[in-house]
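Chemist: Sequence:
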Amino acid sequence: MQNTIECLLLLAILSVAIAYCSPKQTLDRLPSKYLRFGSGGGVVGETTTWTLFPNGQLFRTRTLQPDTLEWQQHSRRTARRLFQEAEAMSLLDRPPFEHPGNRYYFVEWTEGERSQRITWGRLEHPVDSTIEALYQRLVALTRP
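Going by our numbering, the first residue of the sequence shown is number 170, and it counts up by one from there.
Treat each hint with caution, since some may be false.
Taking lysine to any residue and the SDA-like style, the derived pairs with C-alpha atoms no more than 20 Å apart in a straight line are [what the hints assert, rightly or not]:
(1) K202 x Y273
(2) K202 x T218
(3) K202 x L307
(4) K202 x R306
(5) K193 x R205
(6) K202 x R272
(7) K193 x E280
(8) K193 x G281
(9) K193 x T216
(10) K202 x T232
(11) K193 x W219
(12) K193 x Q242
(13) K202 x F228
(14) K202 x E215
Pairwise CB distance ranges, derived in the manner of DEER restraints [claimed, not checked]:
(15) G214 x R246: 34 to 42 Å
(16) Q241 x A302: 18 to 26 Å
(17) G270 x S244: 14 to 22 Å
By construction, these hints were calculated from the structure, which means they are not laboratory data.
Computed from a predicted structure; not experimentally measured.
Virtual Cβ for every residue (Gly too), placed ideally from N, Cα, C.
Please build the complete structure, drawing on both the sequences and the hints.
Modeler: Next comes the structure, spelled out in structure tokens:
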């Protein structure tokens, strides 16, 4: 019984250590897959871009106040769910959709050398509801 408890405890410690020892990514060293999303335009024309990595790291970049910072770490499980959702939408195989308005929103999926950005904002060109739903789930990650 004692050996079983010790083995389970050791296994738990190793699992946590492996989870937290994975290499951190940076915007200078991008992983092969990542999601970008954000918004911009309006009177001041600032664009805020968020970059989500598969390991759950989330970065914010702004254009008018040029800064980039690691926003907060999310679980791999949360990131995996969003990446699976984006993959299921076959974003890389969709035709281009570039219809920004005065205020615009975007979702960009990058995998290796391939990338697809979907931009919307013009009322006469509404974006697919599944893209809008993904965008809303991604934006929810940015709230403290």
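Chemist: Is the hinted pair K193 and Q242 satisfied, with a Cα-Cα distance of at most 20 Å?
Modeler: holds, 10 Å
Chemist: For the pair we were handed, K202 and Y273, check the Cα-Cα distance against 20 Å.
Modeler: It is violated: about 24 Å lies between the C-alpha atoms, which goes past 20 Å.
Chemist: Would you check the hint for K193 and T216, treating anything up to 20 Å between C-alpha atoms as holding?
Modeler: violated, 25 Å
Chemist: For the pair we were handed, K202 and T232, check the Cα-Cα distance against 20 Å.
Modeler: violated, 23 Å
Chemist: Given the hinted pair K193 and E280, is their alpha-carbon gap at most 20 Å?
Modeler: Given that 20 Å is the threshold and the Cα spacing comes to 18 Å, the pair holds.
Chemist: Verify the proposed pairing of K193 with G281, using a straight-line Cα cut of 20 Å.
Modeler: holds, 18 Å
Chemist: Just to be careful, I want the Cα atoms of K202 and F228 compared with a cutoff of 20 Å; is the pair within it?
Modeler: Since the Cα atoms of K202 and F228 sit roughly 14 Å apart, the hinted pair holds (cutoff 20 Å).
Chemist: Verify the CB-CB distance for Q241 and A302 against the hinted window 18 to 26 Å.
Modeler: Since Q241 and A302 have Cβ atoms about 22 Å apart, the given range 18 to 26 Å holds.
Chemist: Taking the beta carbons of G214 and R246, is their distance inside 34 to 42 Å?
Modeler: Holds: the Cβ-Cβ distance is about 36 Å, inside 34 to 42 Å.
Chemist: Given the proposed pairing of K202 with R306, does the C-alpha separation stay at or below 20 Å?
Modeler: Holds, at about 18 Å.
Chemist: For G270 and S244, compare the CB-CB distance with the range 14 to 22 Å and indicate the outcome.
Modeler: For S244 against G270, whose Cβ atoms are near 34 Å apart, the range 14 to 22 Å is violated.
Chemist: Next pair to validate is K202 with R272; report whether the Cα-Cα distance is within 20 Å.
Modeler: violated, 27 Å
Going through the hint list in order, the structure does not satisfy hints 1, 6, 9, 10, 14 and 17.
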